[in-house]
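Undergrad: Letter by letter, the chains look like this.
Protein chains: 2
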Amino acid sequence: MARIKLPTLHSDFSVDCVIFGFDAGELKILLIDRNEPPYKKWKALPGNLAYDTEDIDEAAKRVLYELTGLKNVYLEQLYSFGKIDRHPQGRVITIAYYAIIKRSDNGLHPVTTFAKKAFWWPANSLPKLAFDHIEIAKKGIERIRNKIRYEPIGFELLPEQFTLTQLQHLYEAILETEIDKRNFRKKILSSELLIESKNKQKDVSHRAARLYKFNKIRYRELKKGGFVFKL
Amino acid sequence: MARIKLPTLHSDFSVDCVIFGFDAGELKILLIDRNEPPYKKWKALPGNLAYDTEDIDEAAKRVLYELTGLKNVYLEQLYSFGKIDRHPQGRVITIAYYAIIKRSDNGLHPVTTFAKKAFWWPANSLPKLAFDHIEIAKKGIERIRNKIRYEPIGFELLPEQFTLTQLQHLYEAILETEIDKRNFRKKILSSELLIESKNKQKDVSHRAARLYKFNKIRYRELKKGGFVFKL
Numbered sequence: 023m024a025r026i027k028l029p030t031l032h033s034d035f036s037v038d039c040v041i042f043g044f045d046a047g048e049l050k051i052l053l054i055d056r057n058e059p060p061y062k063k064w065k066a067l068p069g070n071l072a073y074d075t076e077d078i079d080e081a082a083k084r085v086l087y088e089l090t091g092l093k094n095v096y097l098e099q100l101y102s103f104g105k106i107d108r109h110p111q112g113r114v115i116t117i118a119y120y121a122i123i124k125r126s127d128n129g130l131h132p133v134t135t136f137a138k139k140a141f142w143w144p145a146n147s148l149p150k151l152a153f154d155h156i157e158i159a160k161k162g163i164e165r166i167r168n169k170i171r172y173e174p175i176g177f178e179l180l181p182e183q184f185t186l187t188q189l190q191h192l193y194e195a196i197l198e199t200e201i202d203k204r205n206f207r208k209k210i211l212s213s214e215l216l217i218e219s220k221n222k223q224k225d226v227s228h229r230a231a232r233l234y235k236f237n238k239i240r241y242r243e244l245k246k247g248g249f250v251f252k253l
Numbered sequence: 023m024a025r026i027k028l029p030t031l032h033s034d035f036s037v038d039c040v041i042f043g044f045d046a047g048e049l050k051i052l053l054i055d056r057n058e059p060p061y062k063k064w065k066a067l068p069g070n071l072a073y074d075t076e077d078i079d080e081a082a083k084r085v086l087y088e089l090t091g092l093k094n095v096y097l098e099q100l101y102s103f104g105k106i107d108r109h110p111q112g113r114v115i116t117i118a119y120y121a122i123i124k125r126s127d128n129g130l131h132p133v134t135t136f137a138k139k140a141f142w143w144p145a146n147s148l149p150k151l152a153f154d155h156i157e158i159a160k161k162g163i164e165r166i167r168n169k170i171r172y173e174p175i176g177f178e179l180l181p182e183q184f185t186l187t188q189l190q191h192l193y194e195a196i197l198e199t200e201i202d203k204r205n206f207r208k209k210i211l212s213s214e215l216l217i218e219s220k221n222k223q224k225d226v227s228h229r230a231a232r233l234y235k236f237n238k239i240r241y242r243e244l245k246k247g248g249f250v251f252k253l
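Here the protein sequences come in this chain order: U and R.
So the first sequence is numbered by my numbering: it starts at 23 and just counts up by one.
So the second sequence is numbered by my numbering: it starts at 23 and just counts up by one.
Since the hints were derived computationally from the structure, they do not count as laboratory data.
Every residue gets a Cβ at the ideal spot worked out from N, C-alpha and C, and that includes glycine.
Where hints are given, some of them may not hold.
Claimed, not checked - Here are the computed lysine to aspartate or glutamate pairs in the EDC-like style, where the Cα-Cα straight-line distance is at most 20 Å:
no.	chain 1	residue 1	chain 2	residue 2
1	R	K169	U	D79
2	R	K161	U	D79
3	U	K245	R	E198
Stated by the list, open to error - Some chain U residues close to chain R (C-beta under 8 Å, calculated; not the full set):
no.	residue
4	N94
5	Y96
6	L97
7	E98
8	W143
9	E173
10	T187
11	Q188
Unchecked claim - Sample of chain R residues with no beta-carbon within 10 Å of chain U, all distances over it, derived:
no.	residue
12	I78
13	Y172
14	N237
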């Protein structure tokens, strides 16, 4: 039998979530204050051990809900981290997930005592985090940076209607670089991914800018044909 | 302590490798004949349980070597599979890796008795495979299909010098679709990713075609600037 050659195996595995939000021109990541050892009182990504009786995708959803109160978040697998010494209590492999959501402080309430609280933190100045969570968070940032160059993922972070300037600021926040305004507008408008709204901004001191919506139908059509939006 | 709430955990984890090669106009995947239960005598991806004492990346390298004889393969993590019933002997999460290599039958010799032999199989007509290996192989195919639209990964599958027709056939094999010849040549030549060689094909019955080399330096430059090759 295959296992005879191997030493006793009793690894545990956990799930960790890198949840991105966007607010006030900044890309944010959802963190918790841990309330349990190891790393008690440390800041960390929402994560915990998984049960043997649940699929890993389910485990990620459950853990995110328990530690932050967030439900119905569409999580995608990010990467698995398996350095032997990454957990002080023994061999724990973690499967990381990520999601891009509209930032909301409503409903950010841990439902277990494992997390003391959940809160947003700027992605470009993360504090010291428990375990190898800095590495995991960086992998998540790298992933959405790569992705936003091909796919218009950013729309999930904006309100239903937005200005071109808001959209540009979102791209600048994720890519951590300044983007040429004229070039950006030309590319994004020629991509046919935006629908011009009849509405303009309200209650602004400067000249009200045109609002746009994301053209989801066109996006799906383009994607079928192997389309990528190249910034 | 965090674990008190959880049932006893003693998951095992394994690694599985999706190794791609290219031969006679076909995309191939490396398989083994299993020589150990469960799924004894089944065809499978090269994969096995990992030791608690090794990083998962190391485990993947070791397992690939033991079951196929292949060494020094640059493996990238593909995806983790964690359905609770995916292994008949209990909870085993597997971390899948993939690699794109020049196909070679030399040195394909399992060094343990766990695999009876290792061999290449056409990716578009995979046989019944052990465990959820079909799902894992399909994830691998999906990954390289997505990747080849942005990055010129295919060059790893061709000889040092190749014709544009060979390159086109490679793209067609991976994407499983016919590509317009004129359009393909225009795009690939304007990408500046090829260096025209002084040599032409030898020993062919038709008019000898020009040979090209992959321009790695230009590729790295373009990639730094967030470049993607869009087919």
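Undergrad: Hint by hint, which ones does the structure fall short of?
TA: 1, 4, 5, 6, 7, 8, 9, 10, 11, 12, 13
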